[in-house]
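Asker: Take a look at the letters that make up each chain.
Number of protein chains: 2
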Amino acid sequence: MVRTMPDRTRRSERSRVAILDATRELIGEIEYAKLTIEAIAARAGVGKQTIYRWWPSKGAVVFDALLAAAENPDGGGIELPDTGDIAADLTTVLRATAAEFTDPEFAAPIRALTTEMLNDADLAAVYRERMDEPMRAAKKRRLESARRAGQIHADADLDLIVDMLYGPLTQRWLQRSGGLDDEFADALVAAVLRAFDPD
Amino acid sequence: MVRTMPDRTRRSERSRVAILDATRELIGEIEYAKLTIEAIAARAGVGKQTIYRWWPSKGAVVFDALLAAAENPDGGGIELPDTGDIAADLTTVLRATAAEFTDPEFAAPIRALTTEMLNDADLAAVYRERMDEPMRAAKKRRLESARRAGQIHADADLDLIVDMLYGPLTQRWLQRSGGLDDEFADALVAAVLRAFDPD
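Going line by line, the protein sequences match chains A and B. Residue 56 in full-length UniProt numbering is what sits at position 56 of the first sequence, and the numbering runs on without skipping anything. Residue 43 in full-length UniProt numbering is what sits at position 43 of the second sequence, and the numbering runs on without skipping anything.
If you are wondering where the hints come from, they were derived from the structure by calculation, not from laboratory data. Mixed in with the good hints there might be a few duds.
Pairs count within a copy or across copies, as identical chains cannot be separated in the list.
As the list claims (entries may be wrong) - Straight-line alpha carbon distances no greater than 35 Å define the calculated DSBU-like cross-link-like pairs of lysine-lysine that follow:
hint : residue 1 : residue 2
1    : 139       : 58
2    : 58        : 48
3    : 140       : 58
4    : 34        : 48
5    : 58        : 34
Based on the provided sequences and hints, a complete structural model is requested.
Answerer: Quick look at the structure:
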């Protein structure tokens, strides 16, 4: 029994990778609402039960597939650019984020997953731990560095700054309530930095 | 045929009211995900087809039921308080909105409907026309009055101000990513007004 373990582990890992690959392929091919665990299992060449052994829901396996495709799969090691100019760096980051959200291929599965998460507390907790918290920590490190450099007010609430930068952008995207172009990103960054001006 | 029309119209209107009442009752009794058109029809004493004749989806009938229960059912006639002090008025409004969102009974159906709307473009269009646009117009009228009074900058982009006030609040609520207390509302209003200070 002990001698067969490594083989079983290798087989498990192969199945896991096949499932994540199949999920990622299918996300690009069919609408999220029409994606099923059955379709993922068939594409990966595994049984449905193999998927349910590791993931509690479609949302959970899609989330892992998207994470595995991300540059920083555990959300760690993320750093915002730091050229020493907080306005320039935030503008770069917000413009890039706005551009990603307007790319339908990138945005469609994220939108579906986000809305699923809003009513699924378990999935939301995984998202918070693995993506939102490491991302927020990275944003706050960059803001902390700007605060040390005297570019934002010493008393500024960094969580509030993060929410003021990303809340309007996320809402415009999710609710399709306004443009998400460079002009919007620039105006938003400028307004938030004025609000926390050190002078 | 012509003589029977008034009766048919009255019967239709009675059914419509019964459906909206039944929906509103059921929203308070069972989880949104478990609410069905069948249950609404049974409670209202009508056939399922009667509901589908007027509403294309569960989300649509729930949305109408919530609108019918609102003080300003067509979103018109809404005005923000105007005491002449924009900081005080926005603080009042944002504190009240944050408090509503933390009330589970108020917030649960709105959350479910919001998430449904994010993936249903038709429902989103109805929401935009009947709720979001009249509400946004009312917010902008109050900001316009503050701008005339010299309390916000003459060049301020009023849509951006609305997004900066409501985006962070909506995101904290939907993603459960932070507190929604008076302290948050106060800090948010103060920061946004600093960003658009006339001086």
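Asker: Checking an output row: residue 140 and residue 58, CA cutoff 35 Å. Within, between, both or neither?
Answerer: within (32 Å within a copy, 41 Å between copies)
Asker: What label fits residue 34 with residue 48 when the C-alpha limit is 35 Å: within, between, both, or neither?
Answerer: Answer is both; intra-copy 16 Å and inter-copy 25 Å each pass.
Asker: Taking 35 Å as the upper bound on the Cα-Cα distance, should residue 58 and residue 34 be classified as within, between, both, or neither?
Answerer: both (11 Å within a copy, 19 Å between copies)
Asker: Checking residue 139 and residue 58: alpha-carbon separation at most 35 Å within a copy, between copies, both or neither?
Answerer: within (30 Å within a copy, 39 Å between copies)
Asker: As a check of your reading, is residue 58 near residue 48 (CA-CA no more than 35 Å) within one copy, between copies, both or neither?
Answerer: For residue 58 and residue 48, both the intra-copy (11 Å) and inter-copy (30 Å) Cα distances are at most 35 Å.
When the structure is compared with the earlier hints, no violation turns up for any of them.
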